[in-house]
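Residue numbers (the working numbering), protein chains in the order written: chain Y, 1 to 99; chain B, 100 to 506.
It should be emphasised that the hints constitute simulated quantities derived from the structure, not laboratory data.
Source: prediction; values computed, not measured.
From the three backbone atoms N, C-alpha and C, an ideal C-beta is built for every residue, glycine too.
A few of these clues could be false.
As the list claims (entries may be wrong) - Partial list, computed: chain Y residues near chain B (C-beta under 8 angstroms): (1) M3; (2) L16; (3) S19; (4) L61; (5) P65; (6) I69; (7) L72; (8) V78; (9) V79.
To be verified - Here are the simulated BS3-like pairs of lysine-lysine, each with C-alpha atoms no more than 27 angstroms apart in a straight line: (10) B:K187 / B:K229; (11) B:K472 / Y:K33; (12) B:K437 / Y:K76; (13) B:K472 / B:K419; (14) Y:K33 / B:K149; (15) B:K419 / Y:K15; (16) Y:K33 / B:K419; (17) Y:K90 / B:K118; (18) B:K122 / Y:K33; (19) B:K498 / Y:K88; (20) B:K229 / Y:K57; (21) Y:K92 / B:K180; (22) B:K419 / Y:K6; (23) Y:K82 / B:K419; (24) B:K122 / Y:K57; (25) B:K104 / B:K180; (26) B:K147 / Y:K82; (27) B:K472 / Y:K82.
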Amino acid sequence: MAMTHKELITDLSSKLPFSENEITDLLDTTFAKMAEEMSMGHSIYFQGFGTFEPHRKEERLTINPRNQIRTLIPPKQVVVFKPTQSLKDKAKEAHRYEN
Amino acid sequence: MKTDKLTIADIATYLAQKKGITKKAATTFLQQLTTTFDEALFRDGDLKVKSLGNFSIEWHASRMSVNVQTGEKYEIAGHNKISFIPDKPMREVVNKPFEHLVPVIVDAKSAPGNDTWVEDEELRLDRFSKQAQEILGIIDDLQNIQPKEKAEPTTTPVFSTNEPVNEPEPVQQDASATTQEIEQVSEPVTTAETIATNNIVEEKHEEETLPPSFSEETVIKEQMAKNMPAKNSKWIALSIVLAVIVVISIPIYYYFFIVNHVDNVASPTTTLGSSTPTQPQTLNATPSQPVKPPLTATQVTPKQPEKTDVLTQPRTYKEKLATETFTVGSRLTLMALKYYGNKLFWVYIYEANKDKIANPDIITAGTRIMIPKLNPGLIDLHNPQCLVQAKALQTAYTKQKNIKHTK
């Protein structure tokens, strides 16, 4: 059972000297800042966790196999998360997750 | 795009500025955040963070692989991998520099092979329906004429039943045999003006002359001849036979419309419409050319071996028999029928007017056409070789155009 957003906030506020409202505010600000930085092409590194990187996908041509209509898909920028090596190893060594 | 790599410290500085908290508190917050993420992720196997995205640990089953250096096979053991799918708001913000771009349809070009195939099929269907309409028209004409006539049915079924078997030569010989006799008898009446009267007179003659010409006819003709007194039932039988023939010839034509065109299309029309009834017309139109019995005596018409020479000779069209102006209903075949006595000979009119007629199927109204005076040996209705030759030419021209000619 995945952790809900509310549970995350409760968990954080219990461990930090911030109220739940403050945590909510801080989270929103953090994520907004991350998105903004990534939209400018900056990656964000969280030590011990991983890096959020913006990846640019080049434009490409697609052909609809049904009606053969060719469409030019414009370039776009997507978020890619690269876990740190320690996290990857931790995941590898962990028990088998099947969900 | 790794021009700049922000760390927790950079984010903490920003948070401290923005929210008026100490940099240390902000750093602690971010570190606690990642720790919580880590814990939750490994506890639950997945982690959903609103406005950031979904993390999940996914199991990748073991698989075989090959060492590209040594070509050695080895197994990649099953393992977990962390995947991350960003939330929609996050994706939208990150993609902001490119959000104004939309997919563009380059062209609506379909596969060429597919396209032409469809066109081909449509064209064929078009031709096929045209053909069907023409055949129906001919049947209608025939049915309109039939009540007046007496003996016509006896000749038509013979030709029509022979036609699907693709035996043009024997048919033509039969035709010439009967027509010869008819002419001999009907020569006195050739002055008769209307075709209708001609027909009736002729049919009567034919009735009389049928028994002698019987030897080569088919069993069907015998039966038809016996049935002659029963006019009504015979008439119905004829229409049924015709309908069956039409039904049979439609698919045959559809599949072999180029190859079998002559047999399926031209021969019924020629045999049905032209061979017997129009004989007097030919005599009228070319009075100087005597018919077969006195043929040997004249200087123009050569004997049988010489006729084949006429056929093989290159044809020239210097002398003009008449000039016709093309109207909406005009057909080369009808002109051939009028002047030469058989629709098949349209090919010669076409040859003589090749400079004016690009496509024998499509002739614009108002085109003036020269009807050439032909060597009688070339259009001798009694000589099956003439008909065969005309048929061959017709096939050649229709193939050449790859479109059937319209009658």
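- Query: Quick one, are K472 of chain B and K419 of chain B close enough, alpha carbons at most 27 angstroms?
  - Reply: holds, 5 angstroms
- chain B contact restraint on V78 of chain Y - CB to CB distance below 8 angstroms: Cβ of V78 of chain Y sits 7 angstroms from chain B, so the hint holds.
- Query: Can the restraint linking K33 of chain Y and K149 of chain B be considered satisfied, given a maximum Cα separation of 27 angstroms?
  - Reply: Holds, at roughly 14 angstroms.
- Query: Does the CB of I69 of chain Y sit less than 8 angstroms away from some CB of chain B?
  - Reply: holds, 6 angstroms
- Task: With chain B as the partner, please determine if V79 of chain Y meets the hint condition of a C-beta pair closer than 8 angstroms.
- Result: Holds - the Cβ of V79 of chain Y comes within 8 angstroms of chain B, reaching about 4 angstroms at its closest.
- Distance restraint between K437 of chain B and K76 of chain Y, which requires alpha-carbon spacing of 27 angstroms or less: Distance of about 77 angstroms is beyond 27 angstroms: violated.
- Query: Given S19 of chain Y was flagged as interface, is its beta-carbon under 8 angstroms from a beta-carbon of chain B?
  - Reply: violated, 12 angstroms
- Query: Do the alpha carbons of K104 of chain B and K180 of chain B lie within 27 angstroms of each other, as the hint requires?
  - Reply: Roughly 24 angstroms separates the two Cα atoms, so the pair holds.
- Message: Against the 27 angstroms threshold, does the CA-CA distance of K229 of chain B and K57 of chain Y hold or violate the hint?
- Response: violated, 56 angstroms
- Message: Would the hint on P65 of chain Y be counted as holding, given a Cβ-Cβ threshold of 8 angstroms to chain B?
- Response: Violated - the Cβ of P65 of chain Y stays beyond 8 angstroms from chain B, reaching only about 10 angstroms at its closest.
- Query: Per the CB criterion, is L72 of chain Y less than 8 angstroms away from chain B?
  - Reply: holds, 4 angstroms
- Query: Is the straight-line distance between the alpha-carbon of K33 of chain Y and that of K419 of chain B 27 angstroms or less?
  - Reply: violated, 97 angstroms
In the structure shown, a violation is registered for the earlier hints numbered 3, 5, 10, 11, 12, 15, 16, 17, 19, 20, 22, 23, 24, 27, in ascending order.
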